[in-house]
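Given next are the chains, with one letter for each unit.
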Amino acid sequence: MTEPEVLISRTLRIGVILSVAILVLGTLVSYFGDSAYLLSAAELDRLHQPGAAMPQTIGQVLAGVSHLHGPSIISLGLLVLIATPVARVVMSILIFLKARDRLYVAITSCVFLLLLFSFLIGGR
Amino acid sequence: MTPLAFTVVAFCISLGAGFLGSLLGLGGGIIVIPALTLWLHVDIRYAIGASIVSVIATSSGAAATYVRQRLANLRVAMVLELATTAGAISGAYMAGQLAGRWLYLIFAFIMVYSAAMMFRSTQDEPLARHAPWADHLKLHSSYHDDRLGHEVLYRVAGTRIGLVLMYLAGGISGLLGIGSGVLKVPAMDLAMGLPIKVSTATSNLMIGVTAAASAGVYFVRGDIDPFVAAPVALGVLLGALAGSRVMGRIPTSMLRAVFVVVVLVVASQMLWKGFHL
Chain A
1 MTEPEVLISR TLRIGVILSV AILVLGTLVS YFGDSAYLLS AAELDRLHQP
51 GAAMPQTIGQ VLAGVSHLHG PSIISLGLLV LIATPVARVV MSILIFLKAR
101 DRLYVAITSC VFLLLLFSFL IGGR
Chain B
1 MTPLAFTVVA FCISLGAGFL GSLLGLGGGI IVIPALTLWL HVDIRYAIGA
51 SIVSVIATSS GAAATYVRQR LANLRVAMVL ELATTAGAIS GAYMAGQLAG
101 RWLYLIFAFI MVYSAAMMFR STQDEPLARH APWADHLKLH SSYHDDRLGH
151 EVLYRVAGTR IGLVLMYLAG GISGLLGIGS GVLKVPAMDL AMGLPIKVST
201 ATSNLMIGVT AAASAGVYFV RGDIDPFVAA PVALGVLLGA LAGSRVMGRI
251 PTSMLRAVFV VVVLVVASQM LWKGFHL
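Chains A and B are the protein sequences, given in the same order.
Residues 1 to 124 in our numbering are what the first sequence lists, from first letter to last.
Residues 1 to 277 in our numbering are what the second sequence lists, from first letter to last.
Treat the hints with care, as some may be off.
To be verified - Now the stretches of chain A that chain B is said to cover, found in silico as 3 or more residues with beta-carbon under 8 Å:
1) 14-22
2) 62-68
3) 71-81
4) 87-94
5) 108-118
In case anyone wonders, no lab produced these hints; they're calculated from the structure.
Note that CB positions come from ideal geometry on N, CA and C, so glycine has one too.
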């Protein structure tokens, strides 16, 4: 069996590399796929004002990706990045399960639940 | 400014922030947020949203190496992450309720504190205190010190005070979109008696999870704008990678002195903006 440290290290590295690849792809698609994105200054104005935020759901992001919408591909890359530490926590749960360390399975599961909870309270 | 120019400038600023941040032992966030808000006039919420994502990228990259070298204490990280994630969620939630001016004011304060902390001495003092919680949680461990050439055993103490400090560090991280390693590392090596190398490595591991909790809140709220976040995340990550390569070849004492001057100027600008917003 691969050592826990190597498994965790690998999870983190793969997550970061994968998200970087998607971010670069999304940026390229944004600029080459849609010339309005390249020229429109309206996109920029939005960023200077508070309260212009566009709440996003994972469903919207995936729908955008299926239409090869550049910014949605970037959001997917950002989601992969956010999911990387979460994957590390899931990996840790499995490692502690395998070691039959009940106390740490419980602690790690609590951290995992807190992470899921964070996606629920942002909506308001 | 055209969107393309914005992307390029934001990328270059982030590259520099990541580079400088890794040389100074700070994250990129504390540098990239003022640069985005003061120079590119990006609203502070988007700057924070972009920064928190870049924090995940750099800390995960660094942690991958530290974990493999067995410098990070996985158990300490897991226990303290209970507190940092809870804190991060509280902080990120509060950031949505507070007016922008408070974010500028608190940010200026944390910036000055971070600069001051760079000059603290990093002496390890052995703690032989009675530590029932750490005993029960089996937190004591060892690491291989390359400089000494042998395995160093260490004991952990002050678990409860550590949890309280981590909740606060997580809160600041969630509120301001920074990694707040500058709060986590002292909490571990001063309050809990972990060796400085282990504290730094474990802090990096924890920062990723802490930032992911904040990022969840920011993402759903819509504060992580793909347009700003992509160049910032890529720039800070590449800059930090480059920084870790040249580390040791650049004298940091000179760099620190310059940084303190920069911090004082930038922090006063952030304060000014906070008062006049």
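Holds or violated: the region 14-22 of chain A covered by chain B, criterion of 3 or more residues with Cβ-Cβ distance under 8 Å? holds (count 4)
Would you say the region 108-118 of chain A counts as covered by chain B, given the rule of at least 3 residues with C-beta under 8 Å? holds (count 7)
Can you confirm whether chain B covers the region 71-81 of chain A, using C-beta to C-beta distances below 8 Å and requiring at least three such residues? holds (count 8)
Using a Cβ cutoff of 8 Å, are there at least 3 residues of the region 87-94 of chain A near chain B, or does the coverage claim fail? holds (count 3)
Check of the region 62-68 of chain A against chain B for coverage (Cβ-Cβ below 8 Å, three residues minimum): Answer violated; 0 residues pass the 8 Å Cβ test.
Consistency with the previously given hints fails for number 2 only.
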